[in-house]
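One line per chain: the protein sequences are W and U, in this order.
In this text, residue positions in the first sequence follow the numbering used here: the first is 1, and each later residue adds one.
In this text, residue positions in the second sequence follow the numbering used here: the first is 1, and each later residue adds one.
Just so you know, these hints were derived from the structure itself, not from any lab.
Ideal Cβ positions, reconstructed from N, Cα and C, are used throughout, including at glycine.
Hints may be right or wrong, so weigh each one.
To be verified - Pair ranges (Cβ atoms, derived):
1. W/Asp26 - U/Glu153: 44 to 50 Å
2. U/Asn54 - W/Lys2: 24 to 30 Å
3. U/Arg65 - W/Asp76: 34 to 40 Å
4. W/Gly166 - U/Pro47: 33 to 39 Å
5. U/Asp51 - W/Arg88: 47 to 53 Å
6. U/Asp33 - W/Asp82: 34 to 40 Å
7. W/Gly30 - U/His144: 54 to 60 Å
8. W/Arg137 - U/Glu32: 39 to 45 Å
9. U/Thr126 - W/Arg99: 47 to 53 Å
What the hints assert, rightly or not - No more than 20 Å apart at the CA atoms, straight line, and that leaves these computed lysine to any residue pairs for SDA-like:
10. W/Lys106 - W/Lys6
11. U/Lys110 - U/Met147
12. W/Lys6 - U/Lys110
13. W/Lys6 - U/Ser29
14. W/Lys6 - U/Met147
15. W/Lys2 - U/Ser29
16. W/Lys2 - U/Asp17
17. W/Lys2 - U/Glu37
18. W/Lys6 - U/Ala16
19. W/Lys6 - U/Gln36
20. U/Lys148 - U/Ala73
21. W/Lys6 - U/Lys148
22. W/Lys6 - U/Asp30
23. W/Lys2 - U/Gln36
These are the residues of each chain, in order.
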Amino acid sequence: MKAELKRLTDRAAADGLLDVAYATLDSPFGPLVVAKTRRGLVKVSFPTAYDTEETLAELADRISPRVLEAPAELDDVRRQLDLYFAGRLHEFDLALDWRLTDGFRKRAQQAIARIPYGRTRSYTEIARSAGNERAVRAAGTACGANPIPIVVPCHRVLRTGGALGGYGGGLPMKEALLELEGVLP
Amino acid sequence: MTSLPPFQALLDEHAADVMAVLRGAVGRSDAEDCFQETFLAALRAYPRLEDGRNLRGWLLTIAHRKAIDHHRANGRRALPVAEIAEEAAVPTEPLPDREIWTAVGALPPKQRAAVALRYACDLPHTEIAAALGCSPDAARRSLHEGMKRLRKELA
Chain W
1 MKAELKRLTD RAAADGLLDV AYATLDSPFG PLVVAKTRRG LVKVSFPTAY DTEETLAELA
61 DRISPRVLEA PAELDDVRRQ LDLYFAGRLH EFDLALDWRL TDGFRKRAQQ AIARIPYGRT
121 RSYTEIARSA GNERAVRAAG TACGANPIPI VVPCHRVLRT GGALGGYGGG LPMKEALLEL
181 EGVLP
Chain U
1 MTSLPPFQAL LDEHAADVMA VLRGAVGRSD AEDCFQETFL AALRAYPRLE DGRNLRGWLL
61 TIAHRKAIDH HRANGRRALP VAEIAEEAAV PTEPLPDREI WTAVGALPPK QRAAVALRYA
121 CDLPHTEIAA ALGCSPDAAR RSLHEGMKRL RKELA
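One chain only, chain W, in its complex shape (with noise of 0.2 Å):
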């Protein structure tokens, strides 16, 4: 059944019916999903923060229900974040697909996705980024809603002053990533 289920995704991929692909893949922190659109990457789930299926639920909903597991899709997303754990990739160069997010968090996120590598921003400059400088409150809340961690780095953001803040995978995966670029001993 394998061989026909590869099948029918590659061909629902050549005839335009393979709306979200998505695939599940090994990180230090264990299993996460990634899902891409034709525009490009879309979504990156932490591996503690929701079930698979609750994300490819919301997925359905948000996009299109023509959701498919089609790991070959993702296989250069598999790639640069295989590179990028093991500390030899510092920039992704992937597209990313915004359509889960609007508005101010948009915006946040967006400039949290130009934070250079080994460099972190407080809540507040990524506030001033998107354009409020007083909605610190709300550029949290934009980190805590970043649909695509990682690639866009909301772990380098922290508190006025270096606290760490929150983090939606957890704060042990935080530091974790901050170590691996250097900001932490």
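Given the coordinates of chain W, work out where chain U should sit on it, guided by the hints.
Frame of chain W, contents of chain U only:
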């Protein structure tokens, strides 16, 4: 509109059943093509589906139509010789139906097609006859013989 589950869930839950029914309806060698046609048609129509409550029934209906199309396309050509190969192990847990369809798949071709068209596709004798390119009497005989054999096999 009610929210539809990700299409992958339909594959995970129902692909094995659809394949089993198609093997019964058109035989092992043609089931694979009908399977692809079934799921591509389903995928094409899926976002516009208004009622997601009976997805299994919806998929099987599409599979039945594809099986009928297949028989009609084959027209009066002789049906292929049945391959009575053992079913490969199916990774998901078997439904009671599947045992029946496996037995149907093992019937001689005319009987197999008659049984599948009658009970999976719900066709009347005249249409079974048209699909198989035989007389209604012959269709009725094939169906009768097939059912007799199935009852014996599954008793």
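Hint check results:
no.	hint	result
1	W/Asp26 - U/Glu153: 44 to 50 Å	46 Å, holds
2	U/Asn54 - W/Lys2: 24 to 30 Å	27 Å, holds
3	U/Arg65 - W/Asp76: 34 to 40 Å	38 Å, holds
4	W/Gly166 - U/Pro47: 33 to 39 Å	36 Å, holds
5	U/Asp51 - W/Arg88: 47 to 53 Å	50 Å, holds
6	U/Asp33 - W/Asp82: 34 to 40 Å	37 Å, holds
7	W/Gly30 - U/His144: 54 to 60 Å	58 Å, holds
8	W/Arg137 - U/Glu32: 39 to 45 Å	56 Å, violated
9	U/Thr126 - W/Arg99: 47 to 53 Å	52 Å, holds
10	W/Lys106 - W/Lys6	35 Å, violated
11	U/Lys110 - U/Met147	12 Å, holds
12	W/Lys6 - U/Lys110	31 Å, violated
13	W/Lys6 - U/Ser29	18 Å, holds
14	W/Lys6 - U/Met147	35 Å, violated
15	W/Lys2 - U/Ser29	16 Å, holds
16	W/Lys2 - U/Asp17	14 Å, holds
17	W/Lys2 - U/Glu37	16 Å, holds
18	W/Lys6 - U/Ala16	14 Å, holds
19	W/Lys6 - U/Gln36	11 Å, holds
20	U/Lys148 - U/Ala73	28 Å, violated
21	W/Lys6 - U/Lys148	38 Å, violated
22	W/Lys6 - U/Asp30	18 Å, holds
23	W/Lys2 - U/Gln36	13 Å, holds
Of the numbered hints listed earlier, those contradicted by the structure are 8, 10, 12, 14, 20, 21.
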